[in-house]
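Engineer: Okay, here's what each chain looks like letter by letter:
There are 4 protein chains.
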Amino acid sequence: MTEAANEIEIPESPDIETVRRLFERCSNWGRWGPDDQLGTINHIQPADIAAAAGLVRDGRVISLAIPVDETGPQTGGFGRFNPIHLMIRDGNGALTGTTVRDFYGGRDRWIRGTDDLLILPLQSGTQWDALGHIIFDGKIYNGYDASEVGSKGAMRNDIAQLRDKVVARGVLLDLPRSRGVPWLEPGERIHAADLEACADAQGVTVGRGDIVLIRTGQIAQCRDAGSWGSYAGGSAPGIALDTAPWIHDRELAGVASDTWGLEVLPNETDDVFQPLHIVLIVGMGLLMGEIFDLEALADDCAADGRYEFLLSAVPLPITGGVGSPVNPVAIK
Amino acid sequence: MTEAANEIEIPESPDIETVRRLFERCSNWGRWGPDDQLGTINHIQPADIAAAAGLVRDGRVISLAIPVDETGPQTGGFGRFNPIHLMIRDGNGALTGTTVRDFYGGRDRWIRGTDDLLILPLQSGTQWDALGHIIFDGKIYNGYDASEVGSKGAMRNDIAQLRDKVVARGVLLDLPRSRGVPWLEPGERIHAADLEACADAQGVTVGRGDIVLIRTGQIAQCRDAGSWGSYAGGSAPGIALDTAPWIHDRELAGVASDTWGLEVLPNETDDVFQPLHIVLIVGMGLLMGEIFDLEALADDCAADGRYEFLLSAVPLPITGGVGSPVNPVAIK
Amino acid sequence: MTEAANEIEIPESPDIETVRRLFERCSNWGRWGPDDQLGTINHIQPADIAAAAGLVRDGRVISLAIPVDETGPQTGGFGRFNPIHLMIRDGNGALTGTTVRDFYGGRDRWIRGTDDLLILPLQSGTQWDALGHIIFDGKIYNGYDASEVGSKGAMRNDIAQLRDKVVARGVLLDLPRSRGVPWLEPGERIHAADLEACADAQGVTVGRGDIVLIRTGQIAQCRDAGSWGSYAGGSAPGIALDTAPWIHDRELAGVASDTWGLEVLPNETDDVFQPLHIVLIVGMGLLMGEIFDLEALADDCAADGRYEFLLSAVPLPITGGVGSPVNPVAIK
Amino acid sequence: MTEAANEIEIPESPDIETVRRLFERCSNWGRWGPDDQLGTINHIQPADIAAAAGLVRDGRVISLAIPVDETGPQTGGFGRFNPIHLMIRDGNGALTGTTVRDFYGGRDRWIRGTDDLLILPLQSGTQWDALGHIIFDGKIYNGYDASEVGSKGAMRNDIAQLRDKVVARGVLLDLPRSRGVPWLEPGERIHAADLEACADAQGVTVGRGDIVLIRTGQIAQCRDAGSWGSYAGGSAPGIALDTAPWIHDRELAGVASDTWGLEVLPNETDDVFQPLHIVLIVGMGLLMGEIFDLEALADDCAADGRYEFLLSAVPLPITGGVGSPVNPVAIK
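Protein chains in written order, with this note's numbering: chain V, 1 to 332; chain H, 1001 to 1332; chain D, 2001 to 2332; chain W, 3001 to 3332.
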């Protein structure tokens, strides 16, 4: 399979032409028909889901989400801020009587409720990118025009397409642990061969319909430093260009990581920002997850030696959404 | 078990005293220690989860969420409105060039992204209530003071407690289908005996650690009418007071329904609004779900005759949240 | 001056061609240079402001704004909703102690504060339209490309241009009172001759640099009915096409009314929606105000017979804003 | 008048008892009746407004607001963030056609509109505090219970009370310029005698019904530094405790400054945070303004030697609001 990755020679200084070649090499446009809006999620077959459920032995549930609150990593880039949580009515009003006055029309019928509200940029925390999240040459996945993503949201390739998807076999590739380091350093590139070697070391295989979770350890590094620092958009370890054919040929259903953007930063391409977003989301139609907290899962997998599990990570069915917050759980 | 329900005689005109007796009868305060914030979710044991995974045979995933968008049922009651979805940057800006101008500092590096944002009342759609959502006599579940739910959200009993919970055996009780009607009528009371009879008719049992989904068909009725009408807060079919001991004695982990508030409306108690919210959430610590769309699941269960499944319905880990939107999936 | 209005014959069934002729007739593109972003506000000269201040005799201040709250007229059209007001911390928390716990780090230093927040569609209530609010043939006022109004807001013609503007002589034209009726009926057209006749009847003149407030009485009608009904976007009395040259030739600085959209609805043009928005905002660069509550002002003017006053109606300097809420005050 | 300030001896280390004495000394509770919700705004009489209008000679309008956008000074303290501006529909959609598709039901009637929305903490920028903004000993101004400010906002003392107020004679006291320095240093206390001396140096008097704008130059200092730094809540020049009787005896209608909180920070009282907020807002019922940008006004006043003007600074009539953004204008 490593031949596949080598089919396209990645030059020492890759550029937009390299990206275009990878795009063509890995494109799934039309593969599932001209109306497809699911992309690589199509790789998951019902039998895969049933098989993945068979991986549940102990009944442990491990969350992969960071908290949805103001302590998140956002610092304003791309207009993203950390979630804002506000109370519509709270417990104090129950104690002082204003809840009855203001919400029950002054009629006390014993009950008191509390309500709340979120203002939530959909790309602010643990999230799935919808296939409408990235545009290249005026097109989104499967060739739809970028104008399909207008002021009202994505008419095509929105996250609501996945309302009953994203239950799959999950596989953790714990890169730093397989190398005996606490985390990969910012800027460190993860090549196809690295993924392969990690899987081998862990004694696990990845294949069609799997959702692969790539741990770089950057969240551990931030915790160790006591600050998110430049986690959101700054230098980061991540996958390199030659992983695209590797992902494509294995027919993975999704890939997620514990970094802001999955890809290595600075990017390998000086002239292209986040080139794999172009290849993987626009071309391949890959479900991509970001800011997944893989620390607890990594500890668990190291403890029992099992790096595969049932992954349930269904997005909210946000009509027109180009992303969704998610609380993915690994069930073992 | 039906004796249990009968222990407390529900008078013809129940009132706050009835509620207090049921509260005492069904209370779990202290049952799992003075610091417990999970309530009936404690009924789920790891082996139950593993067993529930064993219910997955075909690999079908069925979503139980209504769309997260402005077409929801809210009309402003309790300050709740339907979710507001806004684009931070969209595909049009990619086409006209403003995305590069406004979000990439004028530097074109080939990629274009889109981002979006939700303003989302956490009780507006398919949702779990956190145990901090309801207050009675100045207390929330397990005896914490109502002031634990302040302007910053719930310091205790928030929904984030369940970040790695709510994977369980799910059981659908399809009341209308078991009676041969399309839906229960607004105001129709579902008694413990009705639940029991429905389970019997379906050939399914419910017990410790299960999450029971009670279909009334009200969403079907709204769809048939072409309008939500007074779905949010108006007259509705729902469970009656005598179901509380039934739920308690069976040690259910959670109960959800396809109505705005699970309980029958108008309530049986003239002097108490939503009396079962007091008994079940404050007293019992029950995980309660509302506005679950059970239509597709009901059709599926009718088709294969299997009313049990793996339910994965993990909330978002919203720090301090007294509820969470959720896209519950039944996996069969 | 009425000749001016007659220069362009308004056909019985006006259409886009009529609109184009009026646009050309009334255009101010280039009039104040290629970089102008102020439009007709340029008509106000410092001496006019000083003179307008001279109209203040009694020291009465009359607000022309509807309340900023959830009782406003919006029903969702164009994504507009009524303002949502939420407390960040309230007085209950001061009483129960959670304000100290949650906002002062647990340190009680005697003071307690309350804070709040608005979610506010800028076109939802009493408002000024920025010149970037309307686009025709891909252009905004003064010929800037529509792409100047991108996801980040208006780079040109935003409302912040008026941060130190919109203090002027105001003149009320109380159409219904001049005709002895409580309000004009929905669909009733106000022609240039009507405005002229009203001014004459009131004994007032309008001219260069004035901001003219046209009362139709529709808010009075809504109050009488006890409901906004279809105020937001429905049938309404309003100005007719032939008022454009009248406004242009008088060199008015702004025009506002007590309706949703100033123009008569249904529009005179079957093929063009809100044709005067095109002519007045895009072509003329006119400051246009909507949902002004003119009831108290009308009573005041009727009482003292003075229909002119100092109008202070400065918008919020919202960077990139295509509108601004405003609380205009007439000072007499 | 300086005797007045001296009546209450401010000890070297003032504390809560000093605050209580000042509170009693300066209280206006009951002064305008038990139902008063206006406080010192009552000091403004119609004749004062008319007289203030007489100060307008040249017709210059000077805005005192900072921009309403994400460049503001907030850093998250008290849950305050800088305003978030989002487009509901923009000019790009007009160019690509999605505006017609998404907002006009697919029917092209020539016009294209743009709309936008603000998420705006009311204390985030140039603002008036409502009298319900501060609580002391469980009470707000005029003795109302703090529970009057509940989850739905202030039932009493909300900012909407001032919907037709806050037009007055304004007086600028330019402390740094009167001392020949560019700005006062953080922590520098402004005493009553300093205000008096500044007024004398400027040749201006302040008295009943005036709104006094106190320039410290801190905004100039931030601009010079190129950053807001700790402007929001950090060390700041500001008025000292002995100014309370001075303000009270002069019967000022309002006081505003170019700092985050008007008062000197660190406060003179170790045990009381923002002691003058307690004395001035809760006790006196003073209209207090913060984050006023006085730079342009200061230059203007220095240029023409006139430190008095018509001040028009009407808040938005936000029902229940405990503050309001405002674009105050000085008209000279």
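Hint data in this document are derived by calculation from the structure and do not stem from the laboratory. For clarity, every value in this text was computed on a predicted model and none was experimentally measured. Treat the hints with care, since some could be wrong.
[Said to hold, decoys possible] Here are some chain W residues pointing at chain V (derived, C-beta under 10 Å): (1) Ala-3051; (2) Ile-3084; (3) Thr-3096; (4) Ile-3119.
[Stated by the list, open to error] Using C-beta positions, here's what the derived DEER-type ranges look like: (5) Gly-1143(H) with Gly-143(V): 36 to 46 Å; (6) Glu-2009(D) with Gly-1229(H): 45 to 55 Å; (7) Gly-3233(W) with Ser-13(V): 19 to 29 Å; (8) Asp-58(V) with Gly-1030(H): 53 to 63 Å; (9) Glu-1295(H) with Asp-58(V): 46 to 56 Å; (10) Thr-1071(H) with Gly-2207(D): 14 to 24 Å; (11) Ser-3235(W) with Glu-24(V): 52 to 62 Å; (12) Ala-302(V) with Gly-1229(H): 23 to 33 Å; (13) Gly-143(V) with Gly-3229(W): 44 to 54 Å; (14) Arg-2223(D) with Asp-137(V): 53 to 63 Å; (15) Asp-3304(W) with Thr-1071(H): 55 to 65 Å.
[To be verified] Calculated from the model, a selection of chain H residues having no Cβ within reach of chain W, i.e. all distances over 12 Å: (16) Trp-1029; (17) Pro-1034; (18) Arg-1089; (19) Asp-1116; (20) Ser-1151; (21) Lys-1152; (22) Arg-1189; (23) Gly-1203.
Positions of the beta carbon are idealized from the N, C-alpha and C atoms, including for glycine.
Engineer: Hint by hint, note whether the structure agrees.
Structural biologist: Right, here's what the structure says about each hint:
Look at Ala-3051(W): its Cβ only gets to about 42 Å from chain V, farther than 10 Å, so that hint breaks. Because the beta carbon of Ile-3084(W) sits about 7 Å from the nearest beta carbon in chain V, less than 10 Å, this interface hint is met. Contact between Thr-3096(W) and chain V, as hinted, is supported at the beta carbon level, the nearest pair being about 4 Å apart and thus within 10 Å. The interface hint given for Ile-3119(W) is met, as the beta carbon of that residue sits about 6 Å from the closest beta carbon of chain V, less than 10 Å.
For the hinted restraint 36 to 46 Å between Gly-1143(H) and Gly-143(V), the CB-CB distance of approximately 59 Å leaves it violated. One distance hint, 45 to 55 Å for the beta-carbon pair Glu-2009(D) and Gly-1229(H), holds here, with the actual separation near 51 Å. Between Gly-3233(W) and Ser-13(V) the C-beta distance comes to about 48 Å, which lies outside the given range of 19 to 29 Å. For Asp-58(V) and Gly-1030(H), the hinted distance range of 53 to 63 Å is not satisfied, since their beta carbons lie about 29 Å from each other.
Separation of Glu-1295(H) from Asp-58(V) is about 34 Å and departs from the stated range, judged on CB atoms against 46 to 56 Å. Under the hint 14 to 24 Å, the C-beta atoms of Thr-1071(H) and Gly-2207(D), about 50 Å apart, miss the expected range. Between Ser-3235(W) and Glu-24(V) the beta carbon distance is about 60 Å. The supplied range of 52 to 62 Å therefore holds. In this structure the hint that Ala-302(V) and Gly-1229(H) lie 23 to 33 Å apart at CB is violated, the actual value being about 54 Å.
For Gly-143(V) and Gly-3229(W), the hinted distance range of 44 to 54 Å is satisfied, since their beta carbons lie about 50 Å from each other. Range check, Arg-2223(D) to Asp-137(V): about 55 Å between beta-carbon atoms, so the 53 to 63 Å window is met. For Asp-3304(W) and Thr-1071(H), the Cβ-Cβ distance of about 59 Å falls inside the hinted range of 55 to 65 Å, so the restraint holds. Look at Trp-1029(H): its CB is around 27 Å from the nearest CB on chain W, clear of 12 Å, so calling it non-interface holds up.
Every beta carbon of chain W lies more than 12 Å from that of Pro-1034(H), the smallest distance being close to 29 Å; the non-interface claim holds. At the 12 Å boundary, the C-beta of Arg-1089(H) falls inside the reach of chain W, the nearest C-beta of that chain being 9 Å off. At roughly 10 Å, the least C-beta separation between Asp-1116(H) and chain W is not larger than 12 Å, which violates its mark as non-interface. Remark: the non-interface label on Ser-1151(H) conflicts with the geometry, its nearest Cβ contact in chain W lying 8 Å away (cut-off 12 Å).
Chain W draws Lys-1152(H) into its interface by the beta-carbon criterion, the shortest separation being 8 Å against a cut-off of 12 Å. Taking the minimum C-beta to C-beta distance to chain W, about 32 Å, the non-interface status of Arg-1189(H) holds against the 12 Å cut. A cut-off of 12 Å between C-beta atoms confirms that Gly-1203(H) is not in contact with chain W; the least separation is 48 Å.
Violation of the numbered hints given earlier is confined to hints 1, 5, 7, 8, 9, 10, 12, 18, 19, 20 and 21; the remaining hints are satisfied by the structure.
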